[in-house]
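Quick mapping for you: the protein sequence lines, in order, are chains P and Z.
If you use the numbering used here, the first sequence closes out at 584, no skipped numbers anywhere.
If you use the numbering used here, the second sequence closes out at 738, no skipped numbers anywhere.
There could be a bad hint or two in this list.
Stated by the list, open to error - Once the Cα atoms are required to be at most 35 Å apart in a straight line, the calculated DSBU-like pairs of lysine-lysine come out as:
#1 Lys425/Z <-> Lys248/P
#2 Lys425/Z <-> Lys137/P
#3 Lys137/P <-> Lys244/P
#4 Lys239/P <-> Lys533/P
#5 Lys239/P <-> Lys137/P
#6 Lys137/P <-> Lys248/P
Treat the hints as calculated values from the structure; they're not laboratory data.
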Amino acid sequence: MTYYSLVFPLFFALAVLVFWLVPPKARGAVLLAAGVLYMASFGAVSLAVLAGVTLLTWAWGLGLAAANTTATRRVFLVLGLLSSAGYLFARKAVELAAPGVTLLTATGLAFYALQSASYLADVYTGKCQVQKSFLKYAVYTSFFPRVLSGPIGRAEEFFPQLEALCAGQRQCEVSELRRGLITMLGGWAEKLVLANLLTAWVNAVYAQWTECSAPVVLVGGLFFGFSLYFDFAGYSHLALGASRVLGFALAPNFRRPYFAQTLGEFWQRWHISLSSWLRDYIYIPLGGSRRGTPRRVFNLLVTFLVSGLWHGSGWQYLFWGLLHGLMQSIGALTKPLRRRFSVWGGTAGVWARRLIITLCANGAFLFFGAPSLAQGFGMVGRIASGAPGLGFLDLGVSGTELAFVVLAMVVAFSLDLVAEKAETAGSCLYDRFIALPGAVRVPALLVLAVTVLVFACRLVGADAAAFYYAQF
Amino acid sequence: MKAFLLRLAALVLAALVLFCGVLGLSAFAPFSEIFAKLTGSTDYSASASEEIGGHIANVQAADGAAALILGDSVCWQVFDPFSLCNTAYRIDGSNRAVTIAGQYLLAKVFLDAHPGATDVYLIVTPESFSAGFDAGYGYQYAAAPFAAAGLLGGLDETTRAELNAAYGAPFLTGRFARWADASPLVKKLYLNALELAPAQESAGPLVPLAARNLQNLAALCAEQGAAFHLLCAPLADTEARRSTMAALEAAFREQGLYDSYSAYFTETPWYDPGLFGEDGIHFDNTVADMEFYASVVQDIQTATGLLDGLVLSYD
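Starting from the given sequences, assemble the full structure and let the hints guide the process.
As structure tokens, then:
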């Protein structure tokens with residue numbers, strides 16, 4: 113039951129209705145029941161793994177909080193990490209080292225395992241309190257708006273809001289409902305209108321790259337990053353919107369990454385919940401930038417290799433991580449030099465830097481999207497060869513569809529630009545939108561809603577394209 | 424909160440109304456093609472309706488034909504090569520998805536347009552007797568083209584009730600059928616909705632729909648003074664096909680139809696399985712040509728003593 117399945121709107125409406133209608137004390141139980149039902153729709157194994165990880169990490173957390181000595185606390189921390197992120201990374205490493213070997217996995221594991229690990233680490237460092245209530249902890253790991261593909265939550269962000277909702281201190285507010293629903297509509301538009309259409313063409317390029325002309329492979333490879341962006345940002349907006357309808361204000365997972373002017377900034381804007389998790393629980397514990405340049409480079413490489421491994425048990429993901437680690441290292445080493453040029457060129461310079469970062473990020477994503485590292489290099493080789501072959505319109509995606517994709521991308525990036533400017537002025541896209549007169553706002557919402565409905569028809573009678581990040 | 428919920432409901436309703444407007448628009452050029460491409464509906468074209476609509480137009484044509492040959496795709500394969508060199512015979516083999524009810528309607532249209540007709544032949548493989556109003560091809564072949572031509576009223580009450588149960592009365596109107604044919608998007612949504620909740624279908628070698636319409640067809644011919652002949656289309660001589668025929672024969676006997684149509688079973692044209700394609704039902708087009716089909720028809724003529732005067736050559 114993903115966000116675009118026919119059942120989801122009914123499930124969500126029912127969950128929201130029951131959540132706000134029951135007494136505040138029962139809200140946690142409603143969320144847990146909804147989370148269990150939601151995960152059960154992905155199969156008994158997924159539900160059992162979620163239950164196992166939740167129970168184990170909750171118990172290790174209690175043990176950790178109750179332990180008197182540092183050594184005992186460390187034992188509980190290690191046990192907890194092994195039961196969550198440790199198992200996740202070990203599974204990916206085993207599958208990478210021994211192709212064909214598949215260890216037990218489950219839908220959403222990559223996300224809630226990191227959530228559980230961060231909870232235990234935060235309890236260990238005293239950053240957050242231990243959660244004694246199993247019910248509340250289970251709501252934290254199984255919170256259905258984000259259990260499938262994040263954003264990866266943090267205990268100190270989630271539990272205070274849950275406590276406030278269960279204590280009746282936070283009520284259902286029209287402004288939050290409106291904001292949540294409009295955010296969800298935007299997420300659906302990103303996924304159904306943009307990502308699915310773009311992915312259809314990009315997937316065709318990746319499937320037939322040996323027959324495609326060099327320019328087609330180049331554009332297909334570079335546009336994989338855009339298709340991933342609209343897919344995952346769409347999912348994230350759906351998750352944030354659904355959470356807000358349920359009274360939770362979660363931190364954004366994407367902040368217009370293609371407007372970044374450095375790769376470091378790109379990672380502060382792309383999949384923020386994972387980037388910050390890697391920063392807080394891998395990069396900084398390794399020493400971050402505090403132990404000299406060689407160690408910093410080493411830490412960056414390790415962090416991005418871990419990121420690559422988190423994404424999948426394939427050498428292409430590790431190579432993608434390595435590329436980013438190297439690019440970040442070069443960025444760190446050349447920072448003093450680049451600082452001199454950072455003010456050059458005015459607006460043109462800003463856009464030139466954005467373009468360079470987009471090319472670097474999407475160039476690396478070319479490997480990320482390939483089913484194997486060999487294909488990634490094969491595609492690069494084909495681009496370099498300038499080989500002739502299939503054209504842009506020879507891949508089963510019509511000119512009408514491609515024209516619409518281009519139009520939709522122009523609209524989406526224009527909105528990103530408005531959001532970027534709004535943020536500079538201390539506002540946001542939603543605030544700008546809601547400040548528009550009703551005569552503009554309502555028709556705009558109607559057009560968006562009808563466009564989403566029309567493009568949802570692509571999913572009818574076909575295997576719906578799953579959210580890309582659900583596979584991790 | 425109440426005002427917000429009312430506004431939200433109004434917005435959802437307005438969006439749905441506008442979406443219906445899009446569905447309406449999607450039936451007109453150039454939007455039909457644009458929406459079909461954007462919604463991945465291009466596979467839901469009107470080809471089935473055009474195919475069966477062509478057969479309806481053919482049998483309606485006021486020509487000198489005195490006999491009608493109807494049937495499934497095997498009948499079409501064998502007899503259609505001779506359709507242009509026969510004026511006394513109207514040859515209109517279609518396919519089994521049309522169902523026996525559809526064949527009945529084609530015969531009715533022919534007999535209405537040709538009051539002096541002498542013979543109606545139904546030449547089908549056993550599969551035609553198990554075809555019902557399914558959610559797959561049934562609507563496109565057995566319902567929509569006849570609905571668009573305003574012919575469904577010619578069916579008996581029970582068959583009409585079965586059609587309504589399978590496809591829903593509002594979707595069996597000429598207006599909807601033409602709309603769905605003009606808009607691949609509408610057809611895609613409707614056919615996939617059918618798949619979500621398919622109607623209960625009868626199964627077996629001789630479904631009630633086929634038995635009933637076979638009898639209706641015989642009665643109709645008798646009423647109009649034409650002879651009705653049920654013949655078996657050529658079959659591959661395999662164990663599986665023989666057992667299919669045996670099951671159908673048992674069903675015919677059980678329903679008291681065998682005596683009227685015994686020729687279907689006693690004069691079955693069996694052929695070497697090597698002459699058939701991968702499906703084991705149709706002749707392999709790489710080995711079958713006009714001459715071969717002529718010999719098959721001659722075999723049927725010899726075995727049954729029917730199809731007199733059917734021209735098998737363009738010379």
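Status of the hints after comparison with the structure:
1. Lys425/Z <-> Lys248/P: holds (31 Å)
2. Lys425/Z <-> Lys137/P: Distance ~24 Å between Lys425/Z and Lys137/P Cα, so the pair holds.
3. Lys137/P <-> Lys244/P: holds (16 Å)
4. Lys239/P <-> Lys533/P: holds (34 Å)
5. Lys239/P <-> Lys137/P: holds (26 Å)
6. Lys137/P <-> Lys248/P: Distance of about 11 Å is within 35 Å: holds.
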